[in-house]
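Once you have looked at the hints, place chain C on chain W.
Protein chains: 2
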Amino acid sequence: MTFERPWPKGHLHLEDLSIGQRFESREQRMELDEVKEFAGRYDPQFFHLDEEEAAGSLFGRLAASGWHTAANSMRLMVESVPFARGLIGAGGEISWPKATFPGDTLRVLSEVVEIAPSRSRPDRGMVTLKCQTLNQHGEIVQVFNPRIVVWRRPATE
Amino acid sequence: MTFERPWPKGHLHLEDLSIGQRFESREQRMELDEVKEFAGRYDPQFFHLDEEEAAGSLFGRLAASGWHTAANSMRLMVESVPFARGLIGAGGEISWPKATFPGDTLRVLSEVVEIAPSRSRPDRGMVTLKCQTLNQHGEIVQVFNPRIVVWRRPATE
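One line per chain: the protein sequences are W and C, in this order. Under UniProt numbering, the first residue of the first sequence carries the number 1, and numbering increases by one thereafter. Under UniProt numbering, the first residue of the second sequence carries the number 1, and numbering increases by one thereafter.
Bound-form chain W, shown alone:
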């Protein structure tokens, strides 16, 4: 099949990675209407949906759902971390040290922190990244340390 793919195609295999290797994403702005749309569907709480009531919340004003920050961060990681056959994560520790607000511009810095070749399956390994999402002030709004399946280069390629 030949068609224009909407997704980036990665090229890095397990043997191309090293501890400390870094990847930097482009920037993406979080728009107010998208913040409310996401929250309305997936995180319908007053501090994500109503400016007036949000002023009395812990955030002090309308804030994006942490899951919206996570989803946008994933988009930026998919574009900037070019692992062959994509990013399939088993999970990891996630935290939101600061909230994201409408109008903020996010970018993601990803760094390879662990590389563990599989003992039972010689065609792959598990790589741990440290992915920091920063806002336009350079403040960290999310840290996620996913464990990702990374493939070795096929012998016949």
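Some hints could be false.
Mimicking PhoX-like on lysine-lysine, the simulated pairs with C-alpha atoms at most 25 Å apart in a straight line are [stated by the list, open to error]:
1) W/K130 <-> C/K130
2) W/K9 <-> C/K36
3) C/K130 <-> C/K9
4) C/K9 <-> W/K36
5) W/K36 <-> W/K98
6) C/K36 <-> W/K36
7) W/K98 <-> W/K130
8) W/K130 <-> C/K98
9) W/K9 <-> W/K130
10) W/K98 <-> C/K130
11) C/K130 <-> C/K98
12) C/K98 <-> C/K36
Worth flagging that the hints you see were computed from the coordinates, not collected in a lab.
Positioned in the frame of chain W, the structure of chain C alone reads:
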């Protein structure tokens, strides 16, 4: 202001919670078009977008983004865990032991596993939940252990 809120209003304060307390959500089906729409916006990878190519992926068929499972799980948690002033999470460990597929029906079981009153701020505490997202076969597709700010009942209420 009086208007119909689209969000649930919680009533439980820190002193209403106990270790082992459980909350069970309703069920929600993951539809194919929503799976593709979410992935197209936030996780544009071939195994989330193209049935034919997904057959050759680790998933074996088109699978939902883990962040879509997380977002839908949040919706179910917001509806089923009625903490006063809502659910504001600082983060936690998340894992996806199995993929979610279009047509799957998810529900979330949440359990209180830790209650830590704040030493510096007497009006609140930090509560850790264990939130398991299950599919229609009873298989665990996500485990998330969020740390959530929970408020004490105001003395004047």
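Would you list, in rising numerical order, the hints stated earlier that this structure does not obey? none
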